[in-house]
Amino acid sequence: MILYVDLNMDQISEGYVILITGLFIVFSSLVTLSLLFKYGIPFMLYIYKIITKRKDKKIKDIALEVDEDFTGEVVAAISTAIHMYLNEQHDKENPILTIKQAKKSYSPWSSKIYGTQNRL
Amino acid sequence: MKKLFIVFGIISFLFIIKPVLGLNKSPDSLISNNSIFTEQVDNSEGEGVYDGAFDGLKQFYNYTGFANVTWGHIAMIFIGIIFIYLGIKYDYEPLLLIPIGAGVMIGNIPFVAGNQTGIYEAGSVLNYLYFGVVKGIYPPLIFLGIGAMTDFSSLIANPKLMLLGAAAQIGVFATFLGALYLGFNLPEAGAIGIIGGADGPTAIFLSSKLANGINILPDGTTVKNLIGPIAIAAYSYMALVPVIQPPIMRLLISKEDRKIRMKPPRAVSQKEKMIFPIAALLLTTFISPSALPLLGMLFFGNLLKESGRTERLAETARTKLIDIVTILLGVTVGASTQADIFITKDSLLIFGLGAVSFVIATMGGLLFAKLMNLFLKGDNKINPLIGAAGVSAVPDSARVVHAEALKSDPHNYLLMHAMAPNVSGVIGSAIAAGIILSFLG
Numbered sequence: 001m002i003l004y005v006d007l008n009m010d011q012i013s014e015g016y017v018i019l020i021t022g023l024f025i026v027f028s029s030l031v032t033l034s035l036l037f038k039y040g041i042p043f044m045l046y047i048y049k050i051i052t053k054r055k056d057k058k059i060k061d062i063a064l065e066v067d068e069d070f071t072g073e074v075v076a077a078i079s080t081a082i083h084m085y086l087n088e089q090h091d092k093e094n095p096i097l098t099i100k101q102a103k104k105s106y107s108p109w110s111s112k113i114y115g116t117q118n119r120l
Numbered sequence: 001m002k003k004l005f006i007v008f009g010i011i012s013f014l015f016i017i018k019p020v021l022g023l024n025k026s027p028d029s030l031i032s033n034n035s036i037f038t039e040q041v042d043n044s045e046g047e048g049v050y051d052g053a054f055d056g057l058k059q060f061y062n063y064t065g066f067a068n069v070t071w072g073h074i075a076m077i078f079i080g081i082i083f084i085y086l087g088i089k090y091d092y093e094p095l096l097l098i099p100i101g102a103g104v105m106i107g108n109i110p111f112v113a114g115n116q117t118g119i120y121e122a123g124s125v126l127n128y129l130y131f132g133v134v135k136g137i138y139p140p141l142i143f144l145g146i147g148a149m150t151d152f153s154s155l156i157a158n159p160k161l162m163l164l165g166a167a168a169q170i171g172v173f174a175t176f177l178g179a180l181y182l183g184f185n186l187p188e189a190g191a192i193g194i195i196g197g198a199d200g201p202t203a204i205f206l207s208s209k210l211a212n213g214i215n216i217l218p219d220g221t222t223v224k225n226l227i228g229p230i231a232i233a234a235y236s237y238m239a240l241v242p243v244i245q246p247p248i249m250r251l252l253i254s255k256e257d258r259k260i261r262m263k264p265p266r267a268v269s270q271k272e273k274m275i276f277p278i279a280a281l282l283l284t285t286f287i288s289p290s291a292l293p294l295l296g297m298l299f300f301g302n303l304l305k306e307s308g309r310t311e312r313l314a315e316t317a318r319t320k321l322i323d324i325v326t327i328l329l330g331v332t333v334g335a336s337t338q339a340d341i342f343i344t345k346d347s348l349l350i351f352g353l354g355a356v357s358f359v360i361a362t363m364g365g366l367l368f369a370k371l372m373n374l375f376l377k378g379d380n381k382i383n384p385l386i387g388a389a390g391v392s393a394v395p396d397s398a399r400v401v402h403a404e405a406l407k408s409d410p411h412n413y414l415l416m417h418a419m420a421p422n423v424s425g426v427i428g429s430a431i432a433a434g435i436i437l438s439f440l441g
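Here the protein sequences come in this chain order: A and B.
Position one of the first sequence corresponds to residue 1 (our numbering), numbered consecutively onward.
Position one of the second sequence corresponds to residue 1 (our numbering), numbered consecutively onward.
A portion of the hints provided could be inaccurate.
[Said to hold, decoys possible] The following residues of chain B were derived to be distant from chain A, with all beta-carbon distances above 10 Å:
1. F54
2. N62
3. P140
4. T221
5. L292
6. G296
7. A339
8. D346
[To be verified] With a straight-line Cα cutoff of 30 Å, these simulated DSSO-like cross-link-like pairs (lysine-lysine) come out:
9. K89/B x K320/B
10. K38/A x K273/B
11. K38/A x K370/B
12. K49/A x K259/B
13. K38/A x K2/B
14. K381/B x K224/B
15. K381/B x K160/B
16. K271/B x K38/A
17. K224/B x K38/A
18. K38/A x K320/B
Hint data in this document are derived by calculation from the structure and do not stem from the laboratory.
Using N, Cα and C, we set each Cβ at its ideal position, and we do this for glycine too.
Please model the complete structure; the sequences and the hints are all you need to start from.
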């Protein structure tokens with residue numbers, strides 16, 4: 001495609017150039033990034049280990065020190081449980097408040113007149 | 001009694017200085033005052049006063065929205081109300097649609113030009129706020145917040161899913177080509193194409209650089225200002241992800257494929273999470289330096305989150321900062337749809353192209369996921385549905401994938417897997433924007 005491009009290329013053909021190179025660059029950069037994380041990072045961590053501990057180990061041994069059983073699903077379950085615990089402790093209550101008149105039976109303890117008349 | 005004197009004193013003082021204040025009126029109104037004055041001399045005094053009052057009312061009426069309204073304004077206000085309705089009733093990205101809907105109404109209140117009211121009038125408050133859109137200031141700030149709230153661990157655990165984010169960018173470039181065929185020139189077509197990335201901030205960023213109505217093309221013409229239509233198209237299609245994507249998924253992915261279960265992603269160590277933003281920042285910006293404002297801020301935000309030492313900064317970036325910027329962005333983008341500038345044939349074409357690009361992007365992701373499955377074996381097979389999450393509408397498209405998978409198998413939880421192509425779609429569309437910018441900017 002690029003062979004056909006000359007100085008007088010019109011917009012459409014330049015568009016095709018951008019289409020192809022653009023897609024190629026997007027793909028290649030994300031492929032590089034994924035390769036970096038597949039192979040590069042374990043290698044870097046390995047180097048880091050060697051520098052800090054001076055201990056010779058195979059890449060496979062150190063590659064990624066993570067618990068194989070502790071998967072993302074476990075994390076999700078735990079975090080859901082914590083979220084539920086923190087945010088949903090209170091069940092939904094009816095927001096309508098009703099003020100009920102409590103019927104007071106007469107009590108001499110709160111009566112002023114009782115206090116004034118029946119002095120001890 | 002003393003108070004009464006003070007009040008009367010103030011009122012009489014105001015009466016005295018009234019002519020002084022009157023001098024501040026524009027020359028226009030002074031002339032009209034004079035004409036009223038001459039009328040007063042000619043006619044009897046009482047009639048003149050009524051005439052003056054009537055003229056005043058008429059002048060006031062000419063300044064109201066009722067006198068200046070056009071069908072365009074009414075249509076746009078109606079669209080704004082629809083946005084708000086969709087946001088409230090169907091919960092389609094209400095955080096975006098409600099500010100934008102309110103902005104559409106604000107921007108389409110009819111007014112008399114020349115009083116520094118409208119968003120396109122230099123010196124108006126809305127124009128100052130719109131500055132952040134025109135100069136591409138808001139999008140990187142939004143990306144900072146997105147970086148500070150995104151967890152890249154599912155991507156680090158399964159790096160090959162990054163390819164799905166790249167595959168969905170086919171939509172960007174296909175639309176770019178389509179726009180060229182429809183007669184848009186190169187920079188405009190580039191800005192329109194990025195709608196296929198389904199990433200609002202990226203679309204605004206790119207259109208503010210390419211189709212801003214300021215740049216001058218080689219042949220001497222000025223590019224059109226397409227920021228408003230492109231932003232509105234990008235955000236409305238992002239909000240419509242739950243409507244657009246499921247039919248395409250059902251069309252392209254067979255029932256059996258939809259039931260594929262993926263093995264849970266491995267746990268990712270903190271060290272890897274810290275290395276990710278640094279390595280990705282260096283790598284992606286070295287490849288595509290034009291995307292630096294977007295990708296730099298994205299990974300900087302993520303570093304704030306993962307470093308473990310800057311929790312305060314990360315907290316601000318992912319809550320208050322992104323909220324403030326979203327409010328300003330939403331309202332000004334909405335208000336930029338002023339009817340006389342927005343309702344054109346180009347806007348309609350952009351909306352059409354946007355829909356097509358969204359469909360192509362989704363299809364690209366899905367088909368590429370199927371293609372990858374040909375090379376993967378047994379346990380490593382991926383569920384092709386997650387390809388649709390490669391369009392970067394975070395996290396809505398991942399949620400749609402999850403919901404769609406649950407429909408065919410109620411125990412297939414794809415959300416975490418779908419987040420990987422989803423965030424890589426953000427990176428991919430930012431890189432694509434950078435490439436287009438470096439070609440056409």
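Can you name, in rising order, the numbers of the hints this structure does not satisfy? Violated hints (numbers, rising): 12, 13, 14, 17 and 18; every other hint is consistent with the structure.
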